[in-house]
Amino acid sequence: DAKTTQPPSMDCAEGRAANLPCNHSTISGNEYVYWYRQIHSQGPQYIIHGLKNNETNEMASLIITEDRKSSTLILPHATLRDTAVYYCIVSYPHASGGSYIPTFGRGTSLIVHP
Amino acid sequence: DTGVSQDPRHKITKRGQNVTFRCDPISEHNRLYWYRQTLGQGPEFLTYFQNEAQLEKSRLLSDRFSAERPKGSFSTLEIQRTEQGDSAMYLCASSLGVMDGYTFGSGTRLTVV
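Residue numbers (my numbering), protein chains in the order written: chain G, 12 to 125; chain D, 6 to 118.
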């Protein structure tokens with residue numbers, strides 16, 4: 012089961028910031044938060060990940076709360092091409108040790124409208 | 006090397022037939038993953054390779070499923086005696102380091118009729 016909770020859908024006006032929330036209240040100290048997105052009929056695309064500090068790259072910003080129980084993915088200027096399903100994932104080590112395999116939930120369907 | 010390649014993109018097969026899918030990861034990535042995705046759901050983990058060693062297998066990977074990565078480069082996923090419930094998108098991903106984000110392929114869509 013996914014360890015994260017996301018709203019099933021959101022919408023945003025083109026050119027505005029899209030703020031996608033994620034709750035991960037049971038996150039443990041060595042687990043990272045990853046974000047991916049999936050545009051219809053394509054494989055998921057990695058966006059960003061972080062442990063406790065805020066992160067920014069050319070695609071998005073990731074804000075993680077101080078208690079690490081929630082995070083927000085920010086698309087600063089959403090475009091129509093950002094319409095996709097966004098997955099927030101907490102990585103965890105498998106029982107065999109050493110490998111961190113993401114478990115995807117159902118994500119948030121973001122619709123960017125003109 | 007432009008990314009993760011999967012072949013075929015689409016496969017229609019009759020129930021009971023065997024199918025095999027291929028994944029070519031990014032060349033320097035030694036970690037390779039297979040996922041399955043059904044409509045409206047997120048991808049579900051199937052199995053993971055580090056180089057040629059299969060290190061993780063999900064309970065979803067029944068004995069009809071087998072995956073190989075013989076030389077630590079490309080990988081194949083075979084489904085024997087396909088069932089209608091196997092209809093899904095099969096996704097392959099690769100990564101360089103254990104904490105790196107994954108690069109996914111475009112998937113193979115399997116339809117069992």
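Read the hints as simulated data drawn from the structure, not as lab findings.
Given the structure is predicted, the values throughout are model-derived calculations rather than measurements.
The reader is advised that the hints may include incorrect statements.
Derived Cβ-Cβ restraints for the label pairs, each shown as a range [stated by the list, open to error]:
#: 1; chain 1: D; residue 1: G102; chain 2: G; residue 2: K63; range: 15 to 25 Å
#: 2; chain 1: D; residue 1: M104; chain 2: G; residue 2: P19; range: 47 to 57 Å
#: 3; chain 1: D; residue 1: D68; chain 2: G; residue 2: P125; range: 47 to 57 Å
#: 4; chain 1: D; residue 1: K19; chain 2: G; residue 2: P87; range: 33 to 43 Å
Below, computed lysine to any residue pairings styled on SDA-like, alpha-carbon distance capped at 25 Å [what the hints assert, rightly or not]:
#: 5; chain 1: G; residue 1: K14; chain 2: D; residue 2: R64
#: 6; chain 1: G; residue 1: K63; chain 2: G; residue 2: N30
#: 7; chain 1: G; residue 1: K14; chain 2: D; residue 2: L66
#: 8; chain 1: G; residue 1: K80; chain 2: G; residue 2: T67
#: 9; chain 1: D; residue 1: K76; chain 2: G; residue 2: I112
#: 10; chain 1: G; residue 1: K14; chain 2: D; residue 2: G106
#: 11; chain 1: G; residue 1: K63; chain 2: D; residue 2: L101
#: 12; chain 1: G; residue 1: K14; chain 2: D; residue 2: T108
#: 13; chain 1: G; residue 1: K80; chain 2: G; residue 2: T90
#: 14; chain 1: G; residue 1: K14; chain 2: D; residue 2: K16
#: 15; chain 1: G; residue 1: K80; chain 2: D; residue 2: G106
#: 16; chain 1: G; residue 1: K14; chain 2: G; residue 2: N65
#: 17; chain 1: G; residue 1: K14; chain 2: G; residue 2: I85
#: 18; chain 1: D; residue 1: K19; chain 2: D; residue 2: L101
#: 19; chain 1: D; residue 1: K16; chain 2: G; residue 2: Q53
#: 20; chain 1: G; residue 1: K14; chain 2: D; residue 2: K76
#: 21; chain 1: G; residue 1: K63; chain 2: D; residue 2: K76
#: 22; chain 1: D; residue 1: K62; chain 2: D; residue 2: M104
#: 23; chain 1: G; residue 1: K14; chain 2: D; residue 2: A93
#: 24; chain 1: G; residue 1: K80; chain 2: G; residue 2: G26
#: 25; chain 1: G; residue 1: K63; chain 2: D; residue 2: L65
Not the full set, but computed from the structure, chain G residues with beta-carbon under 8 Å of chain D [to be verified]:
#: 26; residue: P19
#: 27; residue: S20
#: 28; residue: C23
#: 29; residue: I50
#: 30; residue: Q53
#: 31; residue: G61
All C-beta atoms in this analysis are idealised placements derived from N, C-alpha and C, irrespective of residue type, glycine included.
Exercise. Honestly, which of those hints from before does the structure not fit?
Worked result: 2, 4, 13, 14, 18, 20, 21, 24, 25, 26, 27, 28, 29, 31
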